[in-house]
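Just so you know, the protein sequences line up as chains V and C, in that order. Just so you know, we're using my numbering here: the first sequence kicks off at 2 and counts up by one. Just so you know, we're using my numbering here: the second sequence kicks off at 4 and counts up by one.
These aren't lab readings, by the way, just hints derived from the structure by calculation. Every value quoted in this text rests on a predicted model; they were computed, and no experiment measured them. Hints may be right or wrong, so weigh each one.
One side of the interface only, derived from the structure: several residues of chain V facing chain C at Cβ under 10 angstroms [what the hints assert, rightly or not]:
1) Arg184
2) Glu243
3) Phe326
4) Leu379
5) Val382
6) Ile431
7) Glu435
8) Glu473
9) Tyr488
10) Gly490
Here are the simulated DSS-like cross-link-like pairs (lysine-lysine), alpha carbons at most 27 angstroms apart as the crow flies [stated by the list, open to error]:
11) Lys220/C / Lys6/C
12) Lys47/C / Lys264/C
13) Lys47/C / Lys6/C
14) Lys312/V / Lys40/V
15) Lys334/V / Lys157/V
16) Lys37/C / Lys47/C
17) Lys37/C / Lys443/V
18) Lys264/C / Lys96/C
19) Lys334/V / Lys12/C
20) Lys12/C / Lys5/V
21) Lys47/C / Lys63/C
22) Lys334/V / Lys96/C
23) Lys334/V / Lys264/C
24) Lys63/C / Lys96/C
25) Lys443/V / Lys6/C
26) Lys96/C / Lys12/C
27) Lys63/C / Lys264/C
28) Lys5/V / Lys37/C
29) Lys47/C / Lys96/C
Quick partial rundown of chain V residues pointing at chain C, CB under 8 angstroms, derived from the structure [what the hints assert, rightly or not]:
30) Val329
31) Leu381
32) Asp436
Idealized CB from N, CA, C, for every residue including glycine.
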Amino acid sequence: MNQKRTFHTILVMLAMSGILIAVLRHTATGTPFLPGQEKSVWLVEARVDFEATGGPVSASLSLPDVQLPGFELFEEQAASPGYGFAILTDNGNRRAEWTKREAQGEQSLYYSAQLVESDSDSSSSAEQPGGEEHPADWEEAQELAAREVLDRAREKSSSAQSMARELINLLNSPASQNTALLRAGNTDQAQLLMQLLDRADIATRSVMGLYLEDARRRQTLTPMVEIYTGEEWLLVNPQTGEVGVPPNLLLWHRGGVSVLDVTGGAESRVHFSMIRQTIPATQLAQVKNSDSMFARLGVQRLPIEEQSMFKLLLLLPLGAAVVVFMRVIIGFKTSGTFMPVLIALAFLQTSLVAGLISFVLIVAIGLALRSYLSRLNLLLVSRIATLIVMVIFLISAFSIIGYQLGYSTGMTITFFPMIIIAWTIERMSILWEEDGPSEVMKQGGGSLLVAVLAYLIMQWSILEHLTFNFPELNLVLLALILAMGQYTGYKLSELRRFRAMDEV
Amino acid sequence: MSKAWVSPKHLREYGMLGMNCRNVDFINRYNERKLFPLVDNKLKTKLLAQEYDVPTPGLKFVVREQHEISHIERELAGLESFALKPAKGSGGKGILVVTGRQGEQFVRSSGALMSIPDIRRHMSNILAGLYSLGGSSDVAIIEDLIAFDDCFAGYSHEGVPDIRIIVFRGYPVMAMLRLATHASDGKANLHQGAVGVGLALDTGRCLKAAQYGRPIKLHPDTGRALSDIQISGWRDILLLAAQCYDMTGLGYIGTDIVLDKFAGPQLLELNARPGLSIQITNGRGLLPRLRHIEGLTRNRRFRTEQRVDYVMRQFAEDEPAPQSAAAE
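Bound conformation, chain C alone (with noise of 0.2 angstroms):
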């Protein structure tokens, strides 16, 4: 049996972020409250991205008031698919993907059926504020549903893959790739049981996965080997990712990134309080990296580019992942 618990001193010495490292240092240092409701809100964050030209997947309608609610068959009779999500929801929560129809029904990425009266109390429960933080009041937002990258066939069961980098004062410093699985019930979310996979900063290939803070090395589901995975387009990505903090100013987020098969690599949601199983995934700590940008000093009027750039130059992996030797 593996040990149950780690030593305070080791985590110092992987240089592991602490929550409340992170509250006090990071979030509270760089993020101003004032720039908060930009990522709490999502449509204030699509429409802040529209503005800036990020790509981010489509608008369709939003559902402001109750009385919307009665006629909303109207709105949703010409779309196929669509993901229905309160604009305030944290952790995944409150979001409902629809993928199809079967007749009047609505089939759910889970291949559950909803009626419209399903939808129409789950979108009540949404303006209600059920799942927005602290209850207040809240909007409906119905956008895109994103056609999935195939270079991910095989290691997403039920759900979107997305791609979470954190980005302290621009710098993309992590990256990890969140598979839904059967048990995370087709949501990207690690506590929920998603599979997280790091990602070299510098070519986007996988380092090492873990699921329930465990590492593993096959997909629970498709047993798909999760070291053969390497994002395609990582530059693009990660330039993404960097160019969230010149929209919302705010100096310690994490970037949730899909691909899209036509479209390429969309922002999906920002967050002002990124997890921290981040590390797991990519077996190492944040703080050195943390650490490295807070230090510069000289490069504070780098351009987008330049900051990707010298975060691949930088955080280059220098060996490769001892995952698949070591292990087994």
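Here chain V stands alone, though its shape is the one from the complex (with noise of 0.2 angstroms):
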């Protein structure tokens, strides 16, 4: 009983250690549990554009963050030729910059990105409160006109959102003869309200954001102010009052630093283009978690070639399950223990109807010529050997005929394990002198039926997905299967069999 105990704690044990391992890496590498999952991924293009003097150029570009809200960054990369292009970061901002030692006349600098959406919100907000200063040079009746428009914002509002709010409605309200004044020095309404919150101290800061929308081209940054509410940064817009970040919008840029510095260029700008893309998700797990332990130890890490053999291999405990499963619970009877795998594994190449006809053709016909085989009184071991050699020939002949006919599923067919079905033939030619037919179609037919049961449950896409990049899963299985070697319960076919037992 203890033994059983043992046994038990580690089939318990293995399929845990599997389902464990299988969580942990979804959590750690965001490889999707089921198939067919697509992620959109923003590529954006910024293109910089400048009039080069003849002398050194230096231009450097702001750069997101890694970690945006909404977004994450996944890819980069620089097309400028001629020029030196490195990363560089500064105060916690990121810059692109391209150096040459000598250019003249139109440059054109291109710096792309592919970024996906994530449901991180990874915002400024825990950050430290240090603001900007926005000095104003205002004349007195602007300064006037600004107290004022402060002083009806602070009546109406309780915090800094809702005054800053009030202040983008003020603004916003063309009659009114304070914020024409206010306006007449100043056209960025963004740089407006920032000077106007720094009156009414409140920390604020400049950011400039990108909205994303499918394949447009020549975007420019929109200016977009984060206000400090004392406990957060909050993004607005300074246009529309919205506060918080939409979710399409991408934070390019933050602070006082300018977006785009040339020297040794004139006429210098940047604009963006964009578009959408679908990748899988599998695939985007794969490329982003190229360095972690579980892409490490992933069949991910193998050549093309090797991967797609390996997509087979790892299918076939779920077909050596199957076949327990229907010999020790339902009570199938199969020729040879495993040959429906193979079999199974083969219609996996060929297709399943396509696989059928030709296999049960290829029996057919084999058994046929192993009747007159067997009155040539052959040894046994050259009997096989004649039989592989005659269904490498029918193999053939049927690859052939059905590549004339155009049907290129005729080319699969040589995926069959041929030795196996030699000794299929063999075996169920033998069965037919001693058993009789009906014994033929009885083991023939069971067999026919797991393999093509196999072949279902192995082609079913989210086993297919979750053998090949969960390998651990096949820990459940072996406990599954060790479980099924340990059932001492009736099958299902005994149910049958011992039916006369209910009349005596």
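Please assemble the complex out of the two chains, which come individually in their own frames, going by the hints.
In structure tokens:
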């Protein structure tokens, strides 16, 4: 009994560790549990244009952070012929820097980034309140107007957030004389808003955002304002007063530093084009986590050719489990224990119907040929060898005829395990002679049925995806197979076999 | 119509032994792997039986090599009747029974004729391993044909009836008589259509009978009432079966015994994975008896006779078989 308990503990531990590793892999690498999941990726390209004056050139472009609210940087690259390129981090700001000893005329520099939409909310909320100063040099009348606007806004508001909202409302009302006066000296509403909020002792800082819309070109950055509420930084749209980061807004640049600095050039400008792509989540997880421990221990590290082999190999436990289930629990008779799994593997390559038809045809023709062989009085080994040669001829003939008729599926017949087929034919032919055709039908049919079942399960895309991307789940299968190995209950077929017991 | 299925609950009540349970709880537990060749190889069984003075059909000769087959007619010259068997065959496969001669031809038990080349081909098939488990190479045994006892006249069609007794840890626990039929082609294997007749462990008389897993009352070919069957010398047969445990050391075996008209009970072969149909022919499950024997501890050192007497007492059928009265 104690031994049994140890055995059960081992089973549970096997299954649990399989599931645990799979869950860990899922959380660590983001490999999805279900196949066919796609993630959208934004491909954003920044293009910097300027007129080089002939001397040394250095261009510096502010870059988005790796972790952004709603987005995650997943790949970036720069293309700019003849330029040295580096990504520098300065004061927490990432900047791309292109340099060249001598440049003349129109220059275009490209930086592109792939950004994945993510649920991560790593906004700057936890940062220190250190805002920027926005000195305004206003005239007397403007100062007065500003004070009046601030007073009116303060009356209607209770917090930094509502203050900002009221200010924007006031700035947007065209009829007001005060706002017209303030606007006279300043066209940039974001700048104006920050200057006003400075007076109200609310810390602010400027942010440049990029609205992502599919297949847009020549886009520019939109100025935004972040205000400090005393607890966190909030993004405010200075045009509409909307609070929070819109889902399609990419925070490209933050702080007072300029977005683009070009020395040795004139008429510099930057604009953006973007496109939305969808890529399978599995692929994304692979690229994103190429350095993680899970990826190192995953099959995906192997060359593609070996990978596809592993894809089949990792399906085998599934087929084996099906055979164990069908034999132990259901009580199916199959000719050759694991022959059905091999046939099912061949079906995976040929597709089911074509595979079934060609398998039955090959075995049937093989049986007919074998009945002639039995008259030749051959030794068993050479008879099997003859059968192998015949099976290969049959398969080649099928492939060629199929190809000539325009069915490329004919070619996949070669995936059938020929030696196994030869043995199957031999066994069936003996069975035919000894137990009659009905037993051949029974065992052959049983084998085919199990093969079809194994095929259906192995080609189920969820299971295929799971076994390949989470090979550790095979531990669960192993536990299942082991558990079935200790099953001492009745087989389903025995309920029929022993049916006479009810009558006696 | 009778029911097509029986519920697992009923099967448990009857104490039926299922195949999974047999394999895990009995064969794996009581049959040591290294002892299997003793029973899987009929030649080894036969030699072992001779060593232990267990009666078994006489061994004429063994064909081990392919080249011996070319001059096999010289060896067969003096034999009027014989049985040709693969040493590692299973399920009665590859057994050729020759009952007589007709000129150059050999007459099979089915009445079919075989020429020397037919016999050669059969032998080379045996040597190549066609009938052996896993296709490993094999040897062919030629042994004396059983002159089967007259008490089975009218009960067996074209073949030798044999008695299958399940022996668990040296205790015979269940017995049946297997009668060849036309459908089974002279073979005594139940799945091939032979009739199984359950035998009472105390007296050796018929309990019930079944063919293809269904109860029957008359032999399908000869029409004789199976319930009249009564094996004489029953205790000697049980003794022979029980001896096979001492001989092989295998805890769970099926012994196949034939009755020779002149030499009495003979051990034909042993089986380390005996089938389950014997339960249907007995109308009772094996499990209660197996568990009972498993529970015996103080009797472990019983001698063969004591074990046989114990089961004849312990597993005696109290009431007469209900078959003749209840049915029809």
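Here's how the hints hold up against the structure:
no.: 1; hint: Arg184; in the structure: violated (88 angstroms)
no.: 2; hint: Glu243; in the structure: violated (67 angstroms)
no.: 3; hint: Phe326; in the structure: violated (12 angstroms)
no.: 4; hint: Leu379; in the structure: holds (9 angstroms)
no.: 5; hint: Val382; in the structure: holds (6 angstroms)
no.: 6; hint: Ile431; in the structure: holds (6 angstroms)
no.: 7; hint: Glu435; in the structure: holds (6 angstroms)
no.: 8; hint: Glu473; in the structure: violated (28 angstroms)
no.: 9; hint: Tyr488; in the structure: holds (5 angstroms)
no.: 10; hint: Gly490; in the structure: holds (6 angstroms)
no.: 11; hint: Lys220/C / Lys6/C; in the structure: holds (19 angstroms)
no.: 12; hint: Lys47/C / Lys264/C; in the structure: holds (25 angstroms)
no.: 13; hint: Lys47/C / Lys6/C; in the structure: violated (44 angstroms)
no.: 14; hint: Lys312/V / Lys40/V; in the structure: holds (23 angstroms)
no.: 15; hint: Lys334/V / Lys157/V; in the structure: violated (84 angstroms)
no.: 16; hint: Lys37/C / Lys47/C; in the structure: holds (13 angstroms)
no.: 17; hint: Lys37/C / Lys443/V; in the structure: violated (33 angstroms)
no.: 18; hint: Lys264/C / Lys96/C; in the structure: holds (25 angstroms)
no.: 19; hint: Lys334/V / Lys12/C; in the structure: holds (24 angstroms)
no.: 20; hint: Lys12/C / Lys5/V; in the structure: holds (24 angstroms)
no.: 21; hint: Lys47/C / Lys63/C; in the structure: holds (14 angstroms)
no.: 22; hint: Lys334/V / Lys96/C; in the structure: holds (18 angstroms)
no.: 23; hint: Lys334/V / Lys264/C; in the structure: violated (39 angstroms)
no.: 24; hint: Lys63/C / Lys96/C; in the structure: holds (20 angstroms)
no.: 25; hint: Lys443/V / Lys6/C; in the structure: holds (22 angstroms)
no.: 26; hint: Lys96/C / Lys12/C; in the structure: violated (36 angstroms)
no.: 27; hint: Lys63/C / Lys264/C; in the structure: holds (19 angstroms)
no.: 28; hint: Lys5/V / Lys37/C; in the structure: holds (24 angstroms)
no.: 29; hint: Lys47/C / Lys96/C; in the structure: holds (18 angstroms)
no.: 30; hint: Val329; in the structure: holds (6 angstroms)
no.: 31; hint: Leu381; in the structure: holds (3 angstroms)
no.: 32; hint: Asp436; in the structure: holds (7 angstroms)
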